[in-house]
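J.: Given next are the chains, with one letter for each unit.
Number of protein chains: 2
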Amino acid sequence: NHYLVIGQGSSVSTCVNELMSAIERGELKLAPIVVLFPSEEERKKVELPEEIEVLIGDPTNRETLERARVDRASHVILALEDDSKAVFVTLMVKRMSNAKVLVEVLSEDSVELLKGAGADRVIVSRSLAGRLLASSVFEPEVVDVIDDITSSVKGYDVTVMDGKEFWGRPYIAALRELKEERNLFLLGYYLGAPVLNPPLDEPIPEGARLIVLRGSVSTGKL
Amino acid sequence: NHYLVIGQGSSVSTCVNELMSAIERGELKLAPIVVLFPSEEERKKVELPEEIEVLIGDPTNRETLERARVDRASHVILALEDDSKAVFVTLMVKRMSNAKVLVEVLSEDSVELLKGAGADRVIVSRSLAGRLLASSVFEPEVVDVIDDITSSVKGYDVTVMDGKEFWGRPYIAALRELKEERNLFLLGYYLGAPVLNPPLDEPIPEGARLIVLRGSVSTGKL
Ligand SMILES: [Ca+2]
Ligand SMILES: [Ca+2]
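The listed protein sequences derive, respectively, from chains A and B. Mind the numbering: the first sequence is residues 1 to 222 in the working numbering, read in order. Mind the numbering: the second sequence is residues 1 to 222 in the working numbering, read in order.
Please note that the accuracy of each hint is not assured.
The list cannot tell twin chains apart, which means a pair is met if one copy fits it or any two copies do.
Claimed, not checked - Straight-line distance between alpha carbons at most 30 Å, and here's what the computed DSBU-like set of lysine-lysine pairs gives: (1) Lys164 - Lys94; (2) Lys85 - Lys44; (3) Lys85 - Lys179; (4) Lys164 - Lys44; (5) Lys29 - Lys44; (6) Lys164 - Lys85.
Calculated directly from the structure, the hints in this document are not laboratory data.
Working from the sequences, and respecting the hints, build out all of it.
T.: And the structure:
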């Protein structure tokens, strides 16, 4: 069981750093992270911690995927900078493995194709950028907030936790208790989809997981 | 005074849609949005509403920027898919205009160069993607939340508002009043930097702007 990251560029290094930091915090199961770069050249462009196992090879090649033990990976992350390759590799991985496949694409138009190919999650990197560029025009503070809460490396973090002990209790009571006893700020809950901004006196429904904000560990804001 | 978006790909269409939606909501000053594509080919790949003025031309060419009336733009947004071009165009725009320049780059390494060139905001699209790919592994619910709050088109929205009337009042009192009277959920405040998760009984400091979450207008969750 390992986490396999396939691709090139900033997405790869950021993803690996965030995975390592989640493992350190105990939020992600300790397992090796393996990175497969398509070429030596792409490998040289990305800085990675020493403990990361690195492979070089064409990910559209079945043998390369076998060498990366894709059949035993729990998660395969694709950041290929090429949406048609992403579709192709997703199809191959899904045939060779039960791994969850999480894919970065460059174009919104590729989302449906990727989902059809079996991708469990598709992130459109440039759409996110476009939204934040627009927000920079009329609400730069919001961009600072998003930038912070999407990175576990600084400031605050959004995270989810089991909500069992709060089921049936009013939202405001849970908010108070989480803040006073654990210094967590209740943002909302998750029940199939995010429910944010609920009425303060409404009880938290059974089955809900809680979405909370915390000072992130690395800055000691806890 | 207009908003000038220069570039290609998904970032351009997403950015234009978010700007239009902010104008509709009255959060952004009504002014024309002008899009400059580097080529006819790139123009064809992007769907834009009819009312958007479109230009075609090489943005590294001074005459093209003059044609786009860069001197009279309030904001220039660059989504060029080429970080060295982004540096070059930023330098040119900053010499020709007082516009704020907001730039998407593909690599983290380009951030300092762009800031040196005068960019007012730099968004690293692939780093964001990398973070969300990692979060998809260990907290997919958080990715749903981020995906929702970064897009004004669906679900919830994070936004900032004047906080004057709440200065000096305890955080929890402001939270209650905003929720009960305006159905806004207080996430934190902004005073030079985001302050989220503050003590509930601490007063909101003078000068703070409030960061709030609301059901977004387009879904009628208000
Ligand atoms: Ca953070
Ligand atoms: Ca939203």
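J.: Please go over all the hints and tell whether each is borne out by the structure.
T.: Status of the hints after comparison with the structure:
no., hint, result
1, Lys164 - Lys94, "neither (34 Å within a copy, 54 Å between copies)"
2, Lys85 - Lys44, "both (21 Å within a copy, 22 Å between copies)"
3, Lys85 - Lys179, "neither (46 Å within a copy, 47 Å between copies)"
4, Lys164 - Lys44, "neither (47 Å within a copy, 51 Å between copies)"
5, Lys29 - Lys44, "within (28 Å within a copy, 45 Å between copies)"
6, Lys164 - Lys85, "neither (42 Å within a copy, 52 Å between copies)"
Checked against the numbered hints listed earlier, the structure breaks hints 1, 3, 4 and 6; every other hint is satisfied.
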